[in-house]
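Read left to right, the sequence shown gives residues 4 to 535 (the working numbering).
Treat the hints as calculated values from the structure; they're not laboratory data. Treat the hints with care, since some could be wrong.
Unchecked claim - Below, a list of computed lysine to aspartate or glutamate pairs in the DMTMM-like style, where the Cα atoms sit at most 25 Å apart:
{"id": "1", "residue 1": "Lys-455", "residue 2": "Glu-183"}
{"id": "2", "residue 1": "Lys-523", "residue 2": "Glu-183"}
{"id": "3", "residue 1": "Lys-250", "residue 2": "Glu-183"}
{"id": "4", "residue 1": "Lys-535", "residue 2": "Asp-436"}
{"id": "5", "residue 1": "Lys-523", "residue 2": "Glu-163"}
{"id": "6", "residue 1": "Lys-483", "residue 2": "Glu-405"}
{"id": "7", "residue 1": "Lys-455", "residue 2": "Asp-436"}
{"id": "8", "residue 1": "Lys-313", "residue 2": "Asp-436"}
{"id": "9", "residue 1": "Lys-131", "residue 2": "Glu-119"}
{"id": "10", "residue 1": "Lys-529", "residue 2": "Asp-96"}
{"id": "11", "residue 1": "Lys-177", "residue 2": "Asp-522"}
{"id": "12", "residue 1": "Lys-193", "residue 2": "Glu-133"}
{"id": "13", "residue 1": "Lys-373", "residue 2": "Asp-325"}
{"id": "14", "residue 1": "Lys-483", "residue 2": "Glu-252"}
{"id": "15", "residue 1": "Lys-177", "residue 2": "Asp-190"}
{"id": "16", "residue 1": "Lys-132", "residue 2": "Glu-183"}
{"id": "17", "residue 1": "Lys-523", "residue 2": "Glu-498"}
{"id": "18", "residue 1": "Lys-250", "residue 2": "Glu-405"}
{"id": "19", "residue 1": "Lys-326", "residue 2": "Asp-436"}
{"id": "20", "residue 1": "Lys-132", "residue 2": "Asp-96"}
{"id": "21", "residue 1": "Lys-535", "residue 2": "Glu-246"}
{"id": "22", "residue 1": "Lys-523", "residue 2": "Asp-245"}
{"id": "23", "residue 1": "Lys-313", "residue 2": "Glu-498"}
{"id": "24", "residue 1": "Lys-523", "residue 2": "Asp-436"}
{"id": "25", "residue 1": "Lys-535", "residue 2": "Asp-522"}
{"id": "26", "residue 1": "Lys-193", "residue 2": "Asp-96"}
{"id": "27", "residue 1": "Lys-535", "residue 2": "Asp-245"}
{"id": "28", "residue 1": "Lys-142", "residue 2": "Glu-224"}
{"id": "29", "residue 1": "Lys-177", "residue 2": "Glu-133"}
{"id": "30", "residue 1": "Lys-142", "residue 2": "Glu-119"}
{"id": "31", "residue 1": "Lys-250", "residue 2": "Asp-190"}
{"id": "32", "residue 1": "Lys-529", "residue 2": "Glu-246"}
{"id": "33", "residue 1": "Lys-483", "residue 2": "Asp-533"}
{"id": "34", "residue 1": "Lys-313", "residue 2": "Glu-405"}
As the list claims (entries may be wrong) - Label pairs and their in silico Cβ distance ranges:
{"id": "35", "residue 1": "Asn-316", "residue 2": "Ala-453", "range": "18 to 26 Å"}
{"id": "36", "residue 1": "Val-334", "residue 2": "Lys-313", "range": "21 to 29 Å"}
{"id": "37", "residue 1": "Lys-521", "residue 2": "Ser-488", "range": "28 to 36 Å"}
{"id": "38", "residue 1": "Gln-282", "residue 2": "Ala-210", "range": "19 to 27 Å"}
{"id": "39", "residue 1": "Ala-439", "residue 2": "Gln-130", "range": "55 to 63 Å"}
{"id": "40", "residue 1": "Ala-210", "residue 2": "Asn-123", "range": "21 to 29 Å"}
Yeah, the Cβ is synthetic: ideal placement off N, Cα and C, and Gly gets one too.
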Amino acid sequence: MNKNSIHIALFVLLFAVGASCKKKLADLYNDPDQTTQPAVEKFFTEMLDNDRVRPSYWNVRTFLLMHTGIYTQSAGYLNNTSVYQQNPSYTQDYWNDFYRPGANGGGVMAHFRSIEAAYNAAKGEQQKKEMDVFLQAAKVVMLDQASQMVDLWGDIPFTEAGSISSKGEIVMAKFDGAREVYNYILDGLKTASDYFAFAQLSTVTQASFSRQDILLAGNTEQWRRYANSLRLRLLMRISFYDEARAKNEVMNILNNPTVHPLTDGSTGYLPQTTDILLQPLANYTDDLRNALTELTNHSAPGYMLNNVMKPANDPRIPVMFDKSGRTVNNVFIPNIEYRGLPVNMSAAQQQQNIGYYSILDSATFLVNSKLPGIVITAAEVNFLKAEAYERWGGGNAAAAYEMAIRQSIAFYYYLNSLNNITHVPLVPPAAADVDAFLQNPMVNYTGTAADKLEKISVQKWLHFGFLQSVQSWAEYRRTKYPRFSFSPASLPGYESPPSRLVYPASETAYNSAYALVKDKDIRTGKIFWDVK
4 MNKNSIHIAL
14 FVLLFAVGAS
24 CKKKLADLYN
34 DPDQTTQPAV
44 EKFFTEMLDN
54 DRVRPSYWNV
64 RTFLLMHTGI
74 YTQSAGYLNN
84 TSVYQQNPSY
94 TQDYWNDFYR
104 PGANGGGVMA
114 HFRSIEAAYN
124 AAKGEQQKKE
134 MDVFLQAAKV
144 VMLDQASQMV
154 DLWGDIPFTE
164 AGSISSKGEI
174 VMAKFDGARE
184 VYNYILDGLK
194 TASDYFAFAQ
204 LSTVTQASFS
214 RQDILLAGNT
224 EQWRRYANSL
234 RLRLLMRISF
244 YDEARAKNEV
254 MNILNNPTVH
264 PLTDGSTGYL
274 PQTTDILLQP
284 LANYTDDLRN
294 ALTELTNHSA
304 PGYMLNNVMK
314 PANDPRIPVM
324 FDKSGRTVNN
334 VFIPNIEYRG
344 LPVNMSAAQQ
354 QQNIGYYSIL
364 DSATFLVNSK
374 LPGIVITAAE
384 VNFLKAEAYE
394 RWGGGNAAAA
404 YEMAIRQSIA
414 FYYYLNSLNN
424 ITHVPLVPPA
434 AADVDAFLQN
444 PMVNYTGTAA
454 DKLEKISVQK
464 WLHFGFLQSV
474 QSWAEYRRTK
484 YPRFSFSPAS
494 LPGYESPPSR
504 LVYPASETAY
514 NSAYALVKDK
524 DIRTGKIFWD
534 VK
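Whole structure, please, built from the sequences with the hints as guidance.
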């Protein structure tokens, strides 16, 4: 029997679970653990307060830096024997975190099922109408996270996850095909967007939604943009697998911005108000110093810094990296230039010379407790628009590409500016310097169509960095850019990075439905959209 399904079903039936205690929630938000009555608004807040979105120690240390950060070379790493081997304990935790609540927050699917159950049990249409906004917003969050589960594993338990039969028996969740889950997600996002386009909330409902919505403060227009932007992301994700559908639906979105508004900053860009970011709560004090310094992964990645950024004199270098240095006889000797950790050395050589290489910026990343969780940004949306226009016409690809880079620069300087306690924020580059950067031959939007698409992909990868390396890994597998070179590891069967994660033990050992997907469960298997 699927342990995840059991936990979700029990969570739907019995909400008073101590494991989902949320100490991070500020007092101004209702505490969902102080009631045994299923209230959708409290489940909703709990669903949003999620460490798989926040740049938390758990998310960064055990998953991003150990897996997708390595597979995308967006973080430095040592070429040890098992560098490309999936850590089964950590990926089990990440899998569990989607399906059930626990110490890391999580339980996106469990919370959504709880909201669904409360909605379906509501008495009268008026009560359901008051719950609609919570249900639709929760659906967008769940679909977002479900798409990431598909991108990591492929087929997943989805439609039956957390279900209970009419006899009150727990349903053993089947694995739904990755293509079918994507179709469900794309349809669900359109439905949600259409709902938010015409949502009319009562004064009481709007007040409750604004209070409980720790992501977008009850702004239905922002929820609409989030749903549309996510739909754009996923349509482009399938665009080499089903180009006809992707082209038709993407161009419909881009040609009708009033009907399908996006998180693109087209009317003015401010990261704190344009991008979809999960800001820290009032009493949130976590930072990444332990997550990043416990591993060598706080070293600057070689290909990103040495091959892409330095030759182009990228203005993001100072806010993304520290030059750092080494200590000799108790004297710190600073490095005089930025240097990323190469991947074409043995682990011993890398470790021996580690002090000569730069690290991820301390002020921006390591000690920044104000660092938000990144859901989707205007820069990503404009990179997607640029790719669509370049491949299919209908718009100005160069303008979208340049806007995306400008927004990415502004975004990273914004992240740096949030940490105004431990340092003086760096001054953003002058407009003339950004203009000059955009004219650099490595960046300038010139060349063949293939050259331009490669530049779009490389700059999007750079923008994602290690914090969004789940998205970066999916885009790398989809586009095959950047053109990485990985040093082979010596562990037999794990010489190179995987093209998907293998299922955790909870599924292989306890879910009888696993037998139907067992043949697909290999690390060299491909997600359905990975066809290029």
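Now the hints, each set against the structure:
1. Taken as a hint, the Lys-455 and Glu-183 pair is broken in the structure, with Cα atoms around 32 Å apart against an allowance of 25 Å.
2. Restraint check for Lys-523 and Glu-183: satisfied, since their Cα atoms lie roughly 16 Å apart, inside the 25 Å limit.
3. Among the hinted pairs, Lys-250 with Glu-183 is consistent with the structure: their alpha-carbon atoms are about 19 Å apart, no more than 25 Å.
4. Of the pairs offered as hints, the one joining Lys-535 and Asp-436 is violated, with about 36 Å between alpha carbons and a cut-off of 25 Å exceeded.
5. Note on Lys-523 and Glu-163: the hinted pairing holds, with a Cα-Cα distance of about 20 Å set against a maximum of 25 Å.
6. Proximity of Lys-483 to Glu-405 is assessed by CA-CA distance (about 22 Å); at most 25 Å being required, the pair is judged to hold.
7. Restraint check for Lys-455 and Asp-436: satisfied, since their Cα atoms lie roughly 22 Å apart, inside the 25 Å limit.
8. Of the supplied pair hints, the one linking Lys-313 and Asp-436 holds, its CA atoms being roughly 15 Å apart against a limit of 25 Å.
9. For the given pair, Lys-131 sits about 11 Å from Glu-119 by alpha-carbon distance, which is consistent with the 25 Å threshold.
10. Annotation: proposed proximity of Lys-529 to Asp-96 holds, straight-line Cα distance about 22 Å (limit 25 Å).
11. In summary, the hint linking Lys-177 to Asp-522 is supported, as the alpha carbons are separated by about 15 Å, within the 25 Å threshold.
12. The suggested pairing of Lys-193 with Glu-133 holds, with an alpha-carbon distance near 21 Å, which does not exceed 25 Å.
13. A C-alpha spacing of about 19 Å is found between Lys-373 and Asp-325, which places the hinted pair at or below 25 Å, so the restraint holds.
14. Straight-line distance between C-alpha atoms of Lys-483 and Glu-252 comes to about 23 Å, which keeps the hinted pair within the 25 Å bound.
15. Restraint check for Lys-177 and Asp-190: satisfied, since their Cα atoms lie roughly 21 Å apart, inside the 25 Å limit.
16. Using a Cα cut-off of 25 Å, the hinted pair Lys-132 and Glu-183 is violated, with the two alpha carbons roughly 29 Å apart.
17. Of the supplied pair hints, the one linking Lys-523 and Glu-498 holds, its CA atoms being roughly 20 Å apart against a limit of 25 Å.
18. Proposed proximity of Lys-250 and Glu-405 is supported: the alpha carbons are some 22 Å apart, at most 25 Å.
19. Using a Cα cut-off of 25 Å, the hinted pair Lys-326 and Asp-436 holds, with the two alpha carbons roughly 21 Å apart.
20. Of the pairs offered as hints, the one joining Lys-132 and Asp-96 is violated, with about 36 Å between alpha carbons and a cut-off of 25 Å exceeded.
21. Under the criterion of a C-alpha separation no larger than 25 Å, the hint pairing Lys-535 with Glu-246 is consistent with the structure, at around 12 Å.
22. A threshold of 25 Å between alpha carbons decides the hint, and for Lys-523 with Asp-245 the separation of about 21 Å falls inside it, so the pair holds.
23. This hinted pair does not check out: Lys-313 and Glu-498 have alpha carbons roughly 29 Å apart, beyond 25 Å.
24. Restraint check: the Cα-Cα separation between Lys-523 and Asp-436 comes to about 50 Å, which exceeds 25 Å; the hinted pair is violated.
25. Taking the CA atoms of Lys-535 and Asp-522, the gap is near 22 Å; set against the 25 Å cutoff, the hint holds.
26. With a CA separation close to 31 Å, the supplied pair Lys-193 and Asp-96 exceeds the 25 Å bound.
27. For the hint linking Lys-535 to Asp-245, the alpha-carbon distance of about 12 Å falls within 25 Å, and the restraint holds.
28. As the CA atoms of Lys-142 and Glu-224 are separated by approximately 16 Å, the hinted pair is consistent with the 25 Å bound.
29. Distance hint between Lys-177 and Glu-133 is unfulfilled; the C-alpha atoms sit about 32 Å from each other, more than 25 Å.
30. Distance restraint check for Lys-142 and Glu-119: the Cα-Cα separation of roughly 9 Å lies within the 25 Å cut-off, and the hinted pair is therefore satisfied.
31. Restraint check for Lys-250 and Asp-190: satisfied, since their Cα atoms lie roughly 16 Å apart, inside the 25 Å limit.
32. About 18 Å separates the Cα atoms of Lys-529 and Glu-246, which keeps this hinted pair within 25 Å; it holds.
33. Taking the CA atoms of Lys-483 and Asp-533, the gap is near 9 Å; set against the 25 Å cutoff, the hint holds.
34. A C-alpha spacing of about 19 Å is found between Lys-313 and Glu-405, which places the hinted pair at or below 25 Å, so the restraint holds.
35. For Asn-316 paired with Ala-453, a C-beta distance near 25 Å keeps the hint of 18 to 26 Å intact.
36. A beta carbon spacing of about 27 Å between Val-334 and Lys-313 agrees with the range 21 to 29 Å that was offered as a hint.
37. Evaluation of the 28 to 36 Å hint for Lys-521 and Ser-488 yields a pass: the beta carbon distance comes to about 33 Å.
38. Separated by about 20 Å at the C-beta atoms, Gln-282 and Ala-210 satisfy the suggested range of 19 to 27 Å.
39. Here the CB-CB span from Ala-439 to Gln-130 is close to 59 Å, well matched to the stated 55 to 63 Å.
40. Against the hinted window of 21 to 29 Å, the Cβ-Cβ separation of Ala-210 and Asn-123 comes to about 24 Å, which satisfies the hint.
Comparing the model with each earlier hint shows violations of hints 1, 4, 16, 20, 23, 24, 26, 29; every other hint is respected.
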